[in-house]
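Protein chains: 2
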Amino acid sequence: MIIHLAQINPIVGDLKGNTEKIISTIRASKKEGADLVVFPECALTGYPPEDLLLLPHFIEETAFQLQLILSETKGTGAIIGYPRKNPHTGEKTLFNSAAIMMDGTLLGVQDKILLPTYDVFNERRYFESGTEVKLWDIGGKKIGITVCEDIWHHTEAVPQTSYQKDPVLLYRDLKPDLMINISSSPYSVNKPSIRFDVCSKAAQSLRCPLLLCNQVGANDSLIFDGHSLYCNRQGELLASAEGFKEEVLVVDLSKEYTPFPWTIKTEENLFQALVLGIRDYFLKQGFKSCCFGLSGGIDSAVVACIATEALGKENVTALCMPSRYSSEASTHDAKVLTENLDIRNIWVSIESPFQSFLDLLEPHFEGKPPDTTEENLQARTRGIILMAFSNKYGHVVLSTGNKSEMAMGYATLYGDMCGGLGVLNDVTKRQVYELAEWINRDKKIIPQNILDKPPSAELKPNQKDSDSLPEYAIVDAVLEDYIVNHLSPQQIAEKHGYSLELVEDLVKKIHINEYKRRQSPPGLRVSERAFSKGRQFPIVQKWV
Amino acid sequence: MIIHLAQINPIVGDLKGNTEKIISTIRASKKEGADLVVFPECALTGYPPEDLLLLPHFIEETAFQLQLILSETKGTGAIIGYPRKNPHTGEKTLFNSAAIMMDGTLLGVQDKILLPTYDVFNERRYFESGTEVKLWDIGGKKIGITVCEDIWHHTEAVPQTSYQKDPVLLYRDLKPDLMINISSSPYSVNKPSIRFDVCSKAAQSLRCPLLLCNQVGANDSLIFDGHSLYCNRQGELLASAEGFKEEVLVVDLSKEYTPFPWTIKTEENLFQALVLGIRDYFLKQGFKSCCFGLSGGIDSAVVACIATEALGKENVTALCMPSRYSSEASTHDAKVLTENLDIRNIWVSIESPFQSFLDLLEPHFEGKPPDTTEENLQARTRGIILMAFSNKYGHVVLSTGNKSEMAMGYATLYGDMCGGLGVLNDVTKRQVYELAEWINRDKKIIPQNILDKPPSAELKPNQKDSDSLPEYAIVDAVLEDYIVNHLSPQQIAEKHGYSLELVEDLVKKIHINEYKRRQSPPGLRVSERAFSKGRQFPIVQKWV
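First to last, the sequence lines map onto chains A and B. In terms of the numbering used here, the first sequence has 444 at position 264, counting the first letter as 1, and numbering is strictly consecutive. In terms of the numbering used here, the second sequence has 404 at position 224, counting the first letter as 1, and numbering is strictly consecutive.
Keep in mind that the hints are not guaranteed to be accurate.
Taking lysine-lysine and the DSS-like style, the derived pairs with C-alpha atoms no more than 27 Å apart in a straight line are [to be verified]: (1) Lys196(B) <-> Lys722(A); (2) Lys623(B) <-> Lys425(B); (3) Lys640(A) <-> Lys493(A); (4) Lys689(A) <-> Lys196(B); (5) Lys515(B) <-> Lys640(B); (6) Lys425(B) <-> Lys445(B); (7) Lys640(B) <-> Lys623(B); (8) Lys265(A) <-> Lys713(B); (9) Lys722(A) <-> Lys572(B); (10) Lys548(B) <-> Lys468(A); (11) Lys640(A) <-> Lys572(B); (12) Lys468(A) <-> Lys675(B).
Non-contacting residues of chain B with respect to chain A, defined by C-beta distances greater than 12 Å in every case (computed) [to be verified]: (13) Pro236; (14) Ala398; (15) Leu402; (16) Glu416; (17) Glu427; (18) Lys464; (19) Phe537; (20) Pro550; (21) Asp656; (22) Gln670.
Since the hints were derived computationally from the structure, they do not count as laboratory data. We put the beta carbon where it would ideally sit given N, CA and C, even for glycine.
Work the whole structure out from these sequences, hints included.
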């Protein structure tokens, strides 16, 4: 039996386009002799479709497109994820289902049982839980079919939730010959390894081989890494698709495979994820070119490299916008970087509009000493210039602030926070340096000085980030333990030997800057807990 | 039996402050001879606490504060909403519960059964459903206790959800003498009436009187209107608390009440809601003063009136920032309005920084005709000036765009969309006019000319909104049917006799401007479906 795992990159809501992609994949696979072609969770709608699921005409059209696909399965079979109208009255009107099609006939459907409702997932908003667990007789084999989360509880890999059912155990009792899992499981740094582990453990418990078909591609903030795979009943890896690109992984169940170890390349994967995140954000909306402010600092340097890889050097414009406080070194470093990347480089001094604002406001601010007002004026003047280039040339502005800065509020709203996409919103300062080192692994693309000099916003004379913040290593450690692990300030202070005062101050900074982050561009999610819809804290609150 | 419905305004996360408020209320009620003091849903934490609920130390502290309250109930009784740790292993670690305290003893808890997970509600993210339904013997009466949503399904007043249990019917079988519902039910224009209807129907079905204690106050986007009430077994209204303010409604069950009809004042309530929304956003964060751009148009005029009512005239600064395109009429109208309101009025012409930007960009934009770039430059220059006043004086910027404009993208990101709070984000253009008329009911506060002249952004010569948009009446009708009623463009076109092309164009505008709204300031929610967390559509999608 030959099974094709079609790791496709659908566009959310593009029912016609996704259907065409599914049909052309089925046709190609049929030609190559596939007995079954497997598509990801919600392949027809793209995942996550969010509130499109609440539009009745969207659900009707999904059902219509599914019928078009059905007739294409003559001579083969297909398993396709889609939102299915709940035929009964239930708490919710939909199931998150897999359609099982053989030879032009709909054999039936398998509904997702465990509905993730935590972090970025919100499936209880739309879906009813499936209840039935059964095996499907396909090609003489008894096959179990599960949708994503259904195999995750078994490994206790689900945060903040302890489902009261374990579908893996329910299926084990049925003694399947094979388990197929269709997923739209988003990337975060350790996720590909955790996912392999989940598959491996499920296969071992089920005592049968397991196939995972995962969505690839980025939709808004979420990046899906693919990494579809085949493992044997011992949980050993037999075959896997590449990450971060479309691929049809061909699995021949009758063939002998040599198991090989699961490996991932952390920095390379992170880089690829961000590249895919930018590329899909642009491609899927029909944008081609980007611009961003290049300061001579590490963040914008790394963004320049990622954007160049994602969009091609001809589509990248770096705007250097020096002020009276910009150092010569930064100016020089920025220039060298754009030469190394061979990208367009435009120089616009902010001096004249900045001075114009200062003059205009002087009579109103008389007697008040300079403060962050004047620093923000510079950042916002740069924001206006970036947005003017965006408006005039159709470039999408990339914002370059990193997660550690966003946590601390070390960014100017409507200034450097301007943009259509926050490339590094979920990348900590430490990871930014790791990415820079990885980018420079063969060739010095980012000038060494950018990696060596202390971080500075250069908004007043001789400013350094460390003037007003502790080292980023401390910020990052507190960030991880507070926003991912939910430790209390006391627990964090004890764990790391920091003073309670220091930790409480950082935690307070995280919370009081919630209002800023609420207005930041959507950021690419690459961690277990990003500042985005996966973390929903009130702006107005007095807990912290 | 004398019951006090304590319609309090807690601050989210302020466990100590809320506990103090609860305790002082209990003490006062005890003095006045109350047998029972009832507090709203999640009164201890404020509602909605959102992801604070995921912090273990927050939940521990909540339990600790509840113990402090318990000892204060000696000689009386209290029912208090709070998140309760699930003592068993369940899908989620919490229940949304009511603690029932009598004479210093915790009689027990009643867990919320129906967990709203739609629109702005996300309770399945945190809570496990309660299962038990029972009566409590208090003061010789058999009392049923429910939490908010538990009485709503009975009237089929719940959108996108059809719960499989109806607690009202379950309680009816137990034959209660009285039903007490604790709520944190947010305001929207028709909600107070719907809520009364829900209570009335529940009382009739239960064949017993019903007491509702609802939270009052604003938390982030949500405004809670209070309107706690007492109705008899015929569902007739016997007593009700005022809307939009704290109040203890005293109900004497042994007393004869004369039923009176439920009435609401739509425009007055909307005005009060927005006033409360601003006031609590400021008070609960410790802000005192606001500023905003006053253009001479209707939106900023209405915001000026609401802000003055909310914060006091001494805390309101209107910034008039004319450009070469500002009409004399607008300038004059803005001036008259600030005189009528007696608020601070500062004039800052944007001409010099605007010209400075034009000069700076000219060599880069050579040969390109003027377009929205230059319009946005003006709006963004104003945004910078507003933010400079905000930074220098600690004023929070109010943004003044209305819902119809936000829907159409008729606003400049980082320009007039700057702000800490979007006062009219969820108020349609039609409602803005209705508010203006209501504000002017006794005295011409808003100059008539502002109400009469056609809407214009005044960003180019003789510009009118109607140059690029259909009438707002059409926009508002499509908005309502598309985003609230989820009708398809076809259905909307047929319903109103509009051309399909027109409707599709407006619907497309709604979707392509999702990216802008994602970066708008949080707005006060006053409709059934606001552009906020209650409406979760992807930015990148190809359905529309």
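Quick rundown of the hints versus the structure:
{"no.": "1", "hint": "Lys196(B) <-> Lys722(A)", "in the structure": "9 Å, holds"}
{"no.": "2", "hint": "Lys623(B) <-> Lys425(B)", "in the structure": "25 Å, holds"}
{"no.": "3", "hint": "Lys640(A) <-> Lys493(A)", "in the structure": "32 Å, violated"}
{"no.": "4", "hint": "Lys689(A) <-> Lys196(B)", "in the structure": "21 Å, holds"}
{"no.": "5", "hint": "Lys515(B) <-> Lys640(B)", "in the structure": "22 Å, holds"}
{"no.": "6", "hint": "Lys425(B) <-> Lys445(B)", "in the structure": "15 Å, holds"}
{"no.": "7", "hint": "Lys640(B) <-> Lys623(B)", "in the structure": "33 Å, violated"}
{"no.": "8", "hint": "Lys265(A) <-> Lys713(B)", "in the structure": "24 Å, holds"}
{"no.": "9", "hint": "Lys722(A) <-> Lys572(B)", "in the structure": "25 Å, holds"}
{"no.": "10", "hint": "Lys548(B) <-> Lys468(A)", "in the structure": "19 Å, holds"}
{"no.": "11", "hint": "Lys640(A) <-> Lys572(B)", "in the structure": "16 Å, holds"}
{"no.": "12", "hint": "Lys468(A) <-> Lys675(B)", "in the structure": "39 Å, violated"}
{"no.": "13", "hint": "Pro236", "in the structure": "6 Å, violated"}
{"no.": "14", "hint": "Ala398", "in the structure": "8 Å, violated"}
{"no.": "15", "hint": "Leu402", "in the structure": "10 Å, violated"}
{"no.": "16", "hint": "Glu416", "in the structure": "32 Å, holds"}
{"no.": "17", "hint": "Glu427", "in the structure": "22 Å, holds"}
{"no.": "18", "hint": "Lys464", "in the structure": "5 Å, violated"}
{"no.": "19", "hint": "Phe537", "in the structure": "5 Å, violated"}
{"no.": "20", "hint": "Pro550", "in the structure": "10 Å, violated"}
{"no.": "21", "hint": "Asp656", "in the structure": "20 Å, holds"}
{"no.": "22", "hint": "Gln670", "in the structure": "8 Å, violated"}
When held up to the earlier numbered hints, the structure conflicts with 3, 7, 12, 13, 14, 15, 18, 19, 20 and 22 and fits the remainder.
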